[in-house]
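K.L.:
Here are the chains, one letter per residue:
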Amino acid sequence: MKLTGAQIIMKALQEEGVDTIFGFPGGAVLDIYDALVKTDLRHVLVRHEQGAVHAADGYARASGKVGVCLVTSGPGATNTVTGIASAYMDSVPLVVFTGQVPTALIGNDAFQEVDIVGITRPCTKHNYLVKDVEELERTIREAFFIARSGRPGPVLIDLPKDLVQAKTSNRPIKEVRLRSYHPTYEPNSKQLPKVVKLLKEAKRPLVFTGGGVILSKASEELRRFVAKIHAPVTSTLMGLGGFPASDPLWLGMIGMHGTYRANMSSGECDLLIAIGVRFDDRVTGRTDAFAPNAKIVHIDIDPTSIRKNIPVTVPIVGDCRITLEKLNALLETEDLGNIKEKRRPWLDQIEEWKSTMPLDYEQSDVIKPQFVVEKLYELTRGEAIITTEVGQNQMWAAQYYHFDRPNCFITSGGLGCMGFGFPAAIGAQIACPDKLVIDIAGDGSIQMNIQEMATAVQYNLPVKVAILNNGYLGMVRQWQELFYDRCYAHTEMSCAPDFVKLAEAYGAVGLRATKPEEVEGIIKEALSVQRPVIMDFQVEKEECVYPMVPAGEPITEMLLV
Amino acid sequence: MGKLDEKKSILSILVDNKPGVLSRIVGLFSGRGFNIESLCVAETTDPLVSRITIVTSGESRVLEQIKKQLNKLINVIKVMDFTDLAFVQGEMALVKVRAKSEHRAEILRTVDIFKARVVDASPEYYIVEIIGDDSKIDAFLSLVKPMGIKEIARTGTIALAREKK
Ligand SMILES: Cc1ncc(C[n+]2csc(CCOP(=O)(O)OP(=O)(O)O)c2C)c(N)n1
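Chains A and B are the protein sequences, given in the same order. Under our numbering, think of the first position of the first sequence as 1, with each following residue one higher. Under our numbering, think of the first position of the second sequence as 1, with each following residue one higher.
For the record, the hints were derived by calculation from the structure and aren't laboratory data. The C-beta atom is built at its ideal place from N, Cα and C for all residues, glycine as well. Do not take every clue at face value.
[As the list claims (entries may be wrong)] Calculated from the model, a selection of chain B residues having no Cβ within reach of chain A, i.e. all distances over 12 Å:
no. : residue
1   : ALA86
2   : ASP112
3   : GLU151
[Said to hold, decoys possible] Only pairs whose alpha carbons sit at most 20 Å apart, straight line, appear in this in silico PhoX-like list of lysine-lysine:
no. : chain 1 : residue 1 : chain 2 : residue 2
4   : B       : LYS18     : A       : LYS308
5   : B       : LYS18     : B       : LYS78
6   : B       : LYS7      : A       : LYS308
7   : B       : LYS68     : A       : LYS308
8   : B       : LYS18     : A       : LYS131
9   : A       : LYS308    : B       : LYS72
[As the list claims (entries may be wrong)] Chain A is faced by these chain B residues, among others (derived, beta-carbon under 10 Å):
no. : residue
10  : GLY27
11  : ILE77
12  : ALA139
Here chain A stands alone, though its shape is the one from the complex (with noise of 0.2 Å):
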């Protein structure tokens, strides 16, 4: 039987076990709206592309599966490039299609046409311009396939209008070789004895974990390995969930606006166990001054991460569940000793960070922006799905809201794109229906996709934004207090849309808080709502993120208030 390309598309989709796709129409891409609604695939319709590259990000997130768009040509496949971006930088999966003009128009700048794989080959994983529709499927399954293999990443794929209308007899594609990507899962069986020998001989050895641990699924081999060796663990804000926070053992998150304790942990260890982080410049600080006592075992899939910015002791490219799994089998082999004695002295120093640098606020009688995350912990129990905004909202939800699960926080770590947490939002609640979701947002990035709340509307569903509304772009009004003498150029944003009104007008429900003690009432109220509610709080509008580690400086000197 011939089928048309479009009709091609739909049939690996559903084998690659897609249900959702968020997307946008336009001409290039008519054939294929024409050949989805025909299925029974799920199609969401945002208001704007970059809403539907972070919606599919939070959707993949929060459900592991991959995340999937749908654009058209020119601006379509434009607008969903800073979306891309993001889920490059966090190694998500995603596969987005993009219409592209017919291929003989292909360079002849034609009406909607742009290079979308020359724009998109520095932020994908890989990218593909489709010519011969017979090419077709096996390029849709290698997509699946490499998105959702090694470290994961954001696949594109062109798709120029002639050639989703042609027609192909249909051969199914059974598997997908691909000769020149082969991602290494199991660990070098050598490296991991060292490990153990270094164990060992540590005294202050502390445990860093990053955004691989999650998609690993590596959260529980972790908290075995962790038990077993005793030490302490500390996070990058993308692996925030990945160890539980209720355990004693946890010091919060590590970086520009760290715990003190696990700032200045990371600066006494003498063994830094990294699993799945990269090193990220917010979170080493000045590179040279990161963990300078320490020998570092930094197991990644990617072997680029290693070596990248810190110098390794025990580089292991591998899966890091699969490693940690392995490092647990070696381990229980191995006689630790007393290992709680032996840890005591330093969990004890910890403990005296903990207790003389707590995290901390003065709630007056404005209501502070944390006092609101705290409250939304509060109340949601911990067990809501947060997503965030950038800047300080991002920061607070990181420090105040506690995560003991992963895939529970979703956030732009990597590109720090204002605009995600919305979107994003609406991605993980299609994900979860059952789940209560939360976009932690500053009112300058809520701004930003704004629109996607009549998405929200339209499908029901009842995704919280809790604003806190300072009036400021506040992080970057923070670094302009405090590195350039508080001269707030174009950071205030007086004029803002009455957010209660503006839910209303979107269909959906408005609530403000202006003075601390209504904070637990509203939330109260929003949670009780089955739709879509903003709630839009009147924070101190000067507030501060602390500790904070000015840029380029060691993460043990920080700012305390």
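On the provided structure of chain A, position chain B with the ligand as indicated by the hints.
P.N.:
Chain B with the ligand alone, transformed into the frame defined by chain A:
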């Protein structure tokens, strides 16, 4: 800073012979601020595979990163670094050199010494083809330069590892 460690490296990269692959490789160098000193590409005996030879230089840490990044590209089949291996390298250049009558004999002598050959002649110019490693080509160029070189086209280095004897 750190320049002490700088060294030259010849990378031989086997890639899928598909459109856009070269651009990925070159984009990787430019996007990360790595330098390319020369670059050669052609199909191998397997029409599905091309060989790209790149001469680059950098600190060993940078070179390690370049190799890892190249390996990470989906269309890259194999990356070989010839720096610490026994290998044969070569380059070809076409040189259009001014051939005034009083210089003609001198040029031909030089061509002969370098086992180059004249592949075109006109009343005023010779085009000389010379093959060898880059230092041989450089030496030839410096000798004919005083006569006047109008144009040069160099291929850039190509290289293959030697087999064990
Ligand atoms: C798309 C984009 N543009 C600019 C920035 C730079 N930036 C980082 S944080 C920030 C302020 C965000 O303000 P707001 O959303 O109000 O959050 P707050 O920091 O006040 O919580 C800005 C402008 C960015 N991260 N992303």
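K.L.:
It remains to establish, for every hint, whether it holds in the given structure.
P.N.:
Here's how the hints hold up against the structure:
Annotated as non-interface, ALA86 (chain B) keeps its C-beta farther than 12 Å from every C-beta of chain A; the closest such distance is 26 Å. Distance to chain A confirms ASP112 (chain B) as a non-interface residue, since its nearest Cβ pair spans about 46 Å, more than 12 Å. With a closest Cβ-Cβ approach of about 30 Å to chain A, GLU151 (chain B) is found to remain outside the 12 Å limit, as its non-interface label requires. This hinted pair does not check out: LYS18 (chain B) and LYS308 (chain A) have alpha carbons roughly 29 Å apart, beyond 20 Å.
Between LYS18 (chain B) and LYS78 (chain B) the CA atoms are separated by roughly 15 Å; this keeps the pair inside 20 Å, and the hint holds. Between LYS7 (chain B) and LYS308 (chain A) the alpha-carbon distance is near 18 Å, which keeps this suggested pair within the 20 Å criterion. A distance of roughly 10 Å separates the Cα atoms of LYS68 (chain B) and LYS308 (chain A); the hinted pair therefore holds under the 20 Å criterion. Between the alpha carbons of LYS18 (chain B) and LYS131 (chain A) the distance comes to roughly 12 Å, so the proposed pair stays at or under 20 Å and holds.
Straight-line distance between C-alpha atoms of LYS308 (chain A) and LYS72 (chain B) comes to about 14 Å, which keeps the hinted pair within the 20 Å bound. Proximity of GLY27 (chain B) to chain A holds as hinted, the smallest CB-CB distance being about 6 Å (cut-off 10 Å). Against a cut-off of 10 Å between C-beta atoms, the interface hint on ILE77 (chain B) holds, since the closest Cβ of chain A lies about 4 Å away. Here the hint on ALA139 (chain B) is broken, as its CB sits about 39 Å from the closest CB of chain A, past 10 Å.
Hint compliance for this structure: hints 4, 12 are not met, and every other hint is.
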